[in-house]
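Participant: Could you put together the complete structure from these sequences and hints?
2 protein chains.
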Amino acid sequence: MRATVLHAARDIRLDEVPDPVIAVPSDAIVRVVAACVCGSDLWPYRGITPTEKPKRIGHEFVGVVEEKGRDVTGIAVGDTVIAPFYHCDGSCVNCRNGVSTSCVEGGWWGADDRDGHFADGGQGEYVRVPHAAGTLTVVPGPVDAALIPSLLTLSDVFGTGHHAAVSAGVRPGATVAVVGDGAVGLSGVLAAVRLGASRVVAMSRHEDRQRLAREFGATDVVAERGQEGIDRLADMFDGIGPDCVLECVGTKESMDQALRSARPGGQVGFVGVPNGGPELPVRTMFATNVGVRGGVAPVRGYVAELLPEVLDGSLTPGKVFTRELPLDDIAEAYRLMDEREEIKVLVRP
Amino acid sequence: MRATVLHAARDIRLDEVPDPVIAVPSDAIVRVVAACVCGSDLWPYRGITPTEKPKRIGHEFVGVVEEKGRDVTGIAVGDTVIAPFYHCDGSCVNCRNGVSTSCVEGGWWGADDRDGHFADGGQGEYVRVPHAAGTLTVVPGPVDAALIPSLLTLSDVFGTGHHAAVSAGVRPGATVAVVGDGAVGLSGVLAAVRLGASRVVAMSRHEDRQRLAREFGATDVVAERGQEGIDRLADMFDGIGPDCVLECVGTKESMDQALRSARPGGQVGFVGVPNGGPELPVRTMFATNVGVRGGVAPVRGYVAELLPEVLDGSLTPGKVFTRELPLDDIAEAYRLMDEREEIKVLVRP
Numbered sequence: 002m003r004a005t006v007l008h009a010a011r012d013i014r015l016d017e018v019p020d021p022v023i024a025v026p027s028d029a030i031v032r033v034v035a036a037c038v039c040g041s042d043l044w045p046y047r048g049i050t051p052t053e054k055p056k057r058i059g060h061e062f063v064g065v066v067e068e069k070g071r072d073v074t075g076i077a078v079g080d081t082v083i084a085p086f087y088h089c090d091g092s093c094v095n096c097r098n099g100v101s102t103s104c105v106e107g108g109w110w111g112a113d114d115r116d117g118h119f120a121d122g123g124q125g126e127y128v129r130v131p132h133a134a135g136t137l138t139v140v141p142g143p144v145d146a147a148l149i150p151s152l153l154t155l156s157d158v159f160g161t162g163h164h165a166a167v168s169a170g171v172r173p174g175a176t177v178a179v180v181g182d183g184a185v186g187l188s189g190v191l192a193a194v195r196l197g198a199s200r201v202v203a204m205s206r207h208e209d210r211q212r213l214a215r216e217f218g219a220t221d222v223v224a225e226r227g228q229e230g231i232d233r234l235a236d237m238f239d240g241i242g243p244d245c246v247l248e249c250v251g252t253k254e255s256m257d258q259a260l261r262s263a264r265p266g267g268q269v270g271f272v273g274v275p276n277g278g279p280e281l282p283v284r285t286m287f288a289t290n291v292g293v294r295g296g297v298a299p300v301r302g303y304v305a306e307l308l309p310e311v312l313d314g315s316l317t318p319g320k321v322f323t324r325e326l327p328l329d330d331i332a333e334a335y336r337l338m339d340e341r342e343e344i345k346v347l348v349r350p
Numbered sequence: 002m003r004a005t006v007l008h009a010a011r012d013i014r015l016d017e018v019p020d021p022v023i024a025v026p027s028d029a030i031v032r033v034v035a036a037c038v039c040g041s042d043l044w045p046y047r048g049i050t051p052t053e054k055p056k057r058i059g060h061e062f063v064g065v066v067e068e069k070g071r072d073v074t075g076i077a078v079g080d081t082v083i084a085p086f087y088h089c090d091g092s093c094v095n096c097r098n099g100v101s102t103s104c105v106e107g108g109w110w111g112a113d114d115r116d117g118h119f120a121d122g123g124q125g126e127y128v129r130v131p132h133a134a135g136t137l138t139v140v141p142g143p144v145d146a147a148l149i150p151s152l153l154t155l156s157d158v159f160g161t162g163h164h165a166a167v168s169a170g171v172r173p174g175a176t177v178a179v180v181g182d183g184a185v186g187l188s189g190v191l192a193a194v195r196l197g198a199s200r201v202v203a204m205s206r207h208e209d210r211q212r213l214a215r216e217f218g219a220t221d222v223v224a225e226r227g228q229e230g231i232d233r234l235a236d237m238f239d240g241i242g243p244d245c246v247l248e249c250v251g252t253k254e255s256m257d258q259a260l261r262s263a264r265p266g267g268q269v270g271f272v273g274v275p276n277g278g279p280e281l282p283v284r285t286m287f288a289t290n291v292g293v294r295g296g297v298a299p300v301r302g303y304v305a306e307l308l309p310e311v312l313d314g315s316l317t318p319g320k321v322f323t324r325e326l327p328l329d330d331i332a333e334a335y336r337l338m339d340e341r342e343e344i345k346v347l348v349r350p
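Quick note, the sequences are listed as chains V and B, same order. Position in the first sequence (from 1) plus 1 gives the number in the numbering used here. Position in the second sequence (from 1) plus 1 gives the number in the numbering used here.
The reader is advised that the hints may include incorrect statements.
Said to hold, decoys possible - Where chain B lies over chain V, by a calculated footprint (3+ residues, C-beta under 8 Å):
#1 34 to 40
#2 85 to 99
#3 239 to 246
#4 283 to 292
Keep in mind that the hints were calculated from the coordinates and are not lab data. In this text the structure is predicted, and so the values were computed from the model without any measurement. Using N, Cα and C, we set each Cβ at its ideal position, and we do this for glycine too.
Facilitator: Printed below as a string of C-alpha cells:
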C-alpha cells in the first residue's frame, strides 16, 4: 500500500510500504477514507524535531473496517469508524478516568505498540489499529459523505479544541479568549461557543481565520499580541481580562500571552504541543491564582458527546478544512499547511 | 504600642511603635486578641528573603474592634473580628469573583496601603485595618475564648489548606495526597477530609505531625519522599496515584513531588509560597494532563462557609497550634517555628 513517510526535514513522500495485517486478535485493519495534516506534524516536517530515520506519519483518520481480529467486539467489517490520534484499550484505569491518552496499553500511530507490533501512520491507505474495540468509534450508517470532514475533526482537531475549552473551565456565561488561530484555536472558538460562553474573543491577525472564527461564533476579534493584546482584553473585560483562556499554539510567547491575559482566579486550558516550550512561571500563577490545565487531548472520550451533533448537522467543525487533496499530493498538503496558505488540509487516499 | 519588628535575619524584636489611628473613614482599629507565626514569616526570618530595613511583620490575627471610621458598616465597636492575611474592599470585581487576594484596592499587613497610609503588621497590639467592612468578618458574640485558636486559623492557615483542597478539586470520594506536614499541610488534610475525600494520605516523616494528621482524619501516612514516595502512592492507588495532590510547601522538591504523584488527569492544588521556586515543567503537565491551580489563598471568601462549623465545634483547625506564648516572647515563638519544635505557635498580646 501507499503511505506517507517523512524522510528528513521537508522531504515528505508517498512510499510503497507493506500492507498491514492483523497481528493480535484485538486488532482491526481500517481502510482510510480521509486523513489530514496536523499542526504538530509540522514540527518534524520543519526539522524543529529531528527525523533520524524515515518515519511514517499522520495520526488523524476516519475509515472503513476491512478486517478484524476475533476478539474485536462492537465493530463490524464495513463500519465507518473514527480513530483518535492515538490508540487505547478503553478499559484500563486511565481510560476509565477519561484520560485515554495515558492508556496503560496505549500508543501512537506510526510506531510500534507495546507488544512490538507496528501501528501504521494515519496518512496512508490502511492502518493496523491495536485495541480496535477501545480505539475506534463506529459512526452509525449509512454515513453521509458530506459529513466526513466534520467526523474527521473528532479524531483530533475539534476534540483538542474542545479539550482546551473544557480544561479552561468554559461554562455557560464564561468569557473566553483563544490564543492561536490555527485549526485547533478555531476549533477552540467553536467549542467555547458550544459550551455556552457569553463572549469569545479570537486572537488573530489573519483575515481568513478571523472570518472562520466569526462563523464559528466568536463575538470579538483581537489582532494585537503581547502586552497590547493583554491590554485590549483587560479593557474588554472589567479591566481584568476574561475568565478562561485557551492556549492553542504551544510556544513560549503564546503561553505567556495566555497566562497574562486571564483574569485573577481565571484558568488557562492548554493544548498546544509545548515545543521545547517554556516552563510555567509558578510565581505569577501563585500571585494571580490563574490555573493551568490541559495537555494531550483525550479525544476518544469526547466522541460520544460530540458525534450526535455532527450527525444532525448542528455542529460543523469540518469547516476548518479549507482544502481537499488526493493523498498523492501529500507533499503539497504539507506545504500549504507549512506556509499557512490553508487552515487545514484534508487528504483522501 | 508594642509590635513585632524584624530588624535583620534572626533579629526579631518587640518594639515600641506609634499607636495606629483612623486615617480614612473606611478604617477600623482592631485590638489584637491572638496572632501567630506563619511558615512564610520564616523566609525573611531566616534571611532567605532579605530584610533591607527594619520591617513590621505578622499577618494573621483575630481581635476586637476598638474604633471605626464613619463609613464602616456592618461592624460595631466591641465586635470580635477575623482578619484575613491581607486587606480587601470586598466590592471590586476581583473580590466579587472570589479572588479577594487580587483586590484592586487591597494590600498587605505591615506595609503602606494604596493611599500611602500604613497598615500595621498582625503581630502587635493594635492594627489599622483599611477597608474594614470588606476585610473583617464579625464573629457573632459572645465569643467562647476556647474557640480563639480555631477562629484564628480562618485568618490564614486553615483557609489556605482549604484553598489547596479546593484548588486540587477535592470532592466527595476523591483520593488525596498532601505534600507538606507543616500547619498548612495538616490544615489541607483536615480540609480534604471535610470536603469528603475517601482517602487522604499525609506525607510526613515526623511523628507529632503524623499524629495530628491522623487526628484530622488522614487515612494513611507515607514517610517516603521523592521517587520512593511517588511509588508508594502509585501502589496505593491503582498503580497510577491519587486524584488530587495538595502542595503545601513551596520548594522545587515539593512541587516536583506533587506533580509526579498525581494520577494522569489529576490535579495539584498549590499554596506553598514559591520561594524562588521552580518553574513548572509544562511538557510533563502536557503528557499527563495533570493540572495545577492555586496560589495565594483568598481566605476572606471562605470564612462564611467555615465559620459556622468552627462555632458549633464540628471543625477544630485550631489544633495546629501546639503552643501559646505571650507576645513578649515573640522571638521564642519564631525560634520554635524555625526549628520545627512546634507545629504552629499562637501569641497573645
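Participant: If a hint holds in the structure, say so; if it does not, say that too.
Facilitator: How the hints compare with the structure:
no. : hint       : result
1   : 34 to 40   : violated (count 0)
2   : 85 to 99   : holds (count 4)
3   : 239 to 246 : holds (count 3)
4   : 283 to 292 : holds (count 9)
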